[in-house]
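Undergrad: Listed here are the chains, written in short residue letters.
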Amino acid sequence: MNSPVNQMKEFAKQIRLATLKELNNLGFGHYGGSLSIVETLAVLYGGIMKYDAKNPQWQERDYFVLSKGHAGPALYSTLALKGFFPVEELLTLNQNGTRLPSHPDRLRTKGVDATTGSLGQGISIASGLALAHKLSALDNRVFCIVGDGELNEGQCWEAFQFIAHHNLNNLVIFVDNNKKQLDGTLDEVIKPFNFNDKFSAFGFDVQTIKGDDIAGIYNAVKTDRTDNQRPLVVILDSIKGQGVPYIENMVSNHHLRPSESAKAELEKIVAELEGR
Amino acid sequence: MFIVKNDPIEMRKVYANFMQESIAKNQDIIALEADLMSSMSMDSVQKQYPNHVINCGIMEAHIIGLAGGLSIAGKNPFFHTFTAFASRRCFDQLFMSIDYQHNNLKVIASDAGVTSAHNGGTHMSFEDMGIVRGLAHATVLEVTDGVMFRNILEQLVDLKGLYWVRTMRKNAVTIYKDNEQFTIGKAKVLREGSDVTLIANGIMVCEAMLAADKLATQGIEATVIDMFTLKPIDRDVIVKYAKLTGKIVTCENHNIHNGLGSAVAEVVVQEHPVPMRFIGVKDRYGQVGSVEFLKKEYGLTADDIVQAVHSFT
Chain E
1 MNSPVNQMKE
11 FAKQIRLATL
21 KELNNLGFGH
31 YGGSLSIVET
41 LAVLYGGIMK
51 YDAKNPQWQE
61 RDYFVLSKGH
71 AGPALYSTLA
81 LKGFFPVEEL
91 LTLNQNGTRL
101 PSHPDRLRTK
111 GVDATTGSLG
121 QGISIASGLA
131 LAHKLSALDN
141 RVFCIVGDGE
151 LNEGQCWEAF
161 QFIAHHNLNN
171 LVIFVDNNKK
181 QLDGTLDEVI
191 KPFNFNDKFS
201 AFGFDVQTIK
211 GDDIAGIYNA
221 VKTDRTDNQR
231 PLVVILDSIK
241 GQGVPYIENM
251 VSNHHLRPSE
261 SAKAELEKIV
271 AELEGR
Chain P
1 MFIVKNDPIE
11 MRKVYANFMQ
21 ESIAKNQDII
31 ALEADLMSSM
41 SMDSVQKQYP
51 NHVINCGIME
61 AHIIGLAGGL
71 SIAGKNPFFH
81 TFTAFASRRC
91 FDQLFMSIDY
101 QHNNLKVIAS
111 DAGVTSAHNG
121 GTHMSFEDMG
131 IVRGLAHATV
141 LEVTDGVMFR
151 NILEQLVDLK
161 GLYWVRTMRK
171 NAVTIYKDNE
181 QFTIGKAKVL
191 REGSDVTLIA
201 NGIMVCEAML
211 AADKLATQGI
221 EATVIDMFTL
231 KPIDRDVIVK
241 YAKLTGKIVT
251 CENHNIHNGL
261 GSAVAEVVVQ
271 EHPVPMRFIG
281 VKDRYGQVGS
291 VEFLKKEYGL
301 TADDIVQAVH
311 SFT
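Going down the list, the sequences are from chains E and P.
If you read the first sequence in the numbering used here, its first letter stands for residue 1, the second for the next number, and so on.
If you read the second sequence in the numbering used here, its first letter stands for residue 1, the second for the next number, and so on.
FYI, nobody ran anything at the bench for these hints, they're computed from the structure.
Backbone N, C-alpha and C define an ideal beta-carbon position, used for all residues, glycine too.
A couple of the hints might just be wrong.
What the hints assert, rightly or not - Some, not all, of what chain P presents toward chain E, calculated at C-beta under 10 Å:
no., residue
1, I30
2, G68
3, G69
4, S71
5, A73
6, Q101
7, L135
8, K214
9, A216
10, Q218
11, G219
12, I220
13, S262
14, Y285
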């Protein structure tokens, strides 16, 4: 029962709960895309990455870049639960003067490795971190989550060319393929065709894993790729609003301002997750 | 008398030589290029230091983000490309991946304004300085000659933050003696006169010096200031010479909007209002031509400056 995967499952539940409380308290925010990466964050911060919450600048740490910056609330929950800052502070999300702005800001929040929010740039920053460590022959790893809608941005594909050319296999990219962007489904807004084919053509190893398959995600990234394999892209077959059926079932769930009745529904889900 | 004499070393050679020497001393330096390495004489440096000179290909937006990541990991990135691509092509990246999060990057932006000559209007940037001076923490410079370029590059190695350095790529006109020292944020007063102040940068420093000689033959004594730091601008020197001469002409190889003229005017209207004239490109785009042709076409010659001085009555 106490296997690493079971611990990560429990951690994912806590991240989901904390993220809902954080957003419910504010009354609005990026529910959909925060919830779809909860399991991945649970794996990275619950079993894969090296870090020291008491010393966020520890030289030997691994790095995490949330390129889809609007999922900041899920990252904050993860960091708070791991002790980077007090869990109570999650309730200051987006309040005046907060250290927890909607999109991650590395100068404001302990544990945030890169400021993101203008889409497409986080991958480039992650590749800079990975290149720096390769050049210095250090074994720090870098993990980056990019949104499927974010892949509309041409800069992402500039970055992928660079990453493959330099074989930055100390960097793992997760594509949060939750199939929706702000204005609709990817198919409606800008058809992605086949991510697997695209990344293979760009020179990556590709794995597609269910977005809530903690064991699958863990197995994909638990060993580093020191044997000169190609860089890895994990395509997360995820659901926008993942793990909260009430939100999963909404057509448009990127940014929500729940009504009074919706709030009651969300509180019920919080109570369920809390085991009340 | 100001004698026009070209620098013996091209600006690109100044950069390449500097990089070659600096990488040997400082293993953190990473010189990034965007498929213009050969245009900047960096090929031989890359052969010697393949881990320190990285030709990223034609992806300027990515390169700025890459530099942000290198900076976070403690590297000291420099990035060279043409002014147009180092400003308008990647402004949001300069904002978010660098300046907003206090990352360190030195951008060397070459082929400034009309000096991109035969690359023509598409490559000719008259708006770049205006774009980058909108960044809250950036330091924005335009180097005047090879002596200044070398001295500024030496200073940049140890400075933290975003430094955006505009330069020409080939031979500049020599303005400074070999051992001249420069303080970023402090202008150089090259000549003093009590009738009018000419404030110039880049290739226009030479034109301002030539204009001052012509004016002297007409009994008009001009102060000439090299305002090589556009941001933060040297307020003290502007106020001092506004008071002393009562008239200012700004001279820039850039649109007159949002560049040197605007920056000087912002100080003048707040501190000591005096009449001003603006020598620069007047809301036009570039075209193919020799530098001398383009200077005439866009009103950037010493004669244009003399005329502007005469327009104060």
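Undergrad: If a hint holds in the structure, say so; if it doesn't, say that too.
TA: Evaluation of the provided hints:
| no. | hint | verdict |
| --- | --- | --- |
| 1 | I30 | holds (7 Å) |
| 2 | G68 | holds (5 Å) |
| 3 | G69 | holds (2 Å) |
| 4 | S71 | holds (7 Å) |
| 5 | A73 | holds (3 Å) |
| 6 | Q101 | holds (4 Å) |
| 7 | L135 | violated (14 Å) |
| 8 | K214 | violated (49 Å) |
| 9 | A216 | violated (52 Å) |
| 10 | Q218 | violated (53 Å) |
| 11 | G219 | violated (56 Å) |
| 12 | I220 | violated (50 Å) |
| 13 | S262 | violated (26 Å) |
| 14 | Y285 | violated (24 Å) |
Consistency note: the structure conflicts with the earlier hints numbered 7, 8, 9, 10, 11, 12, 13, 14.
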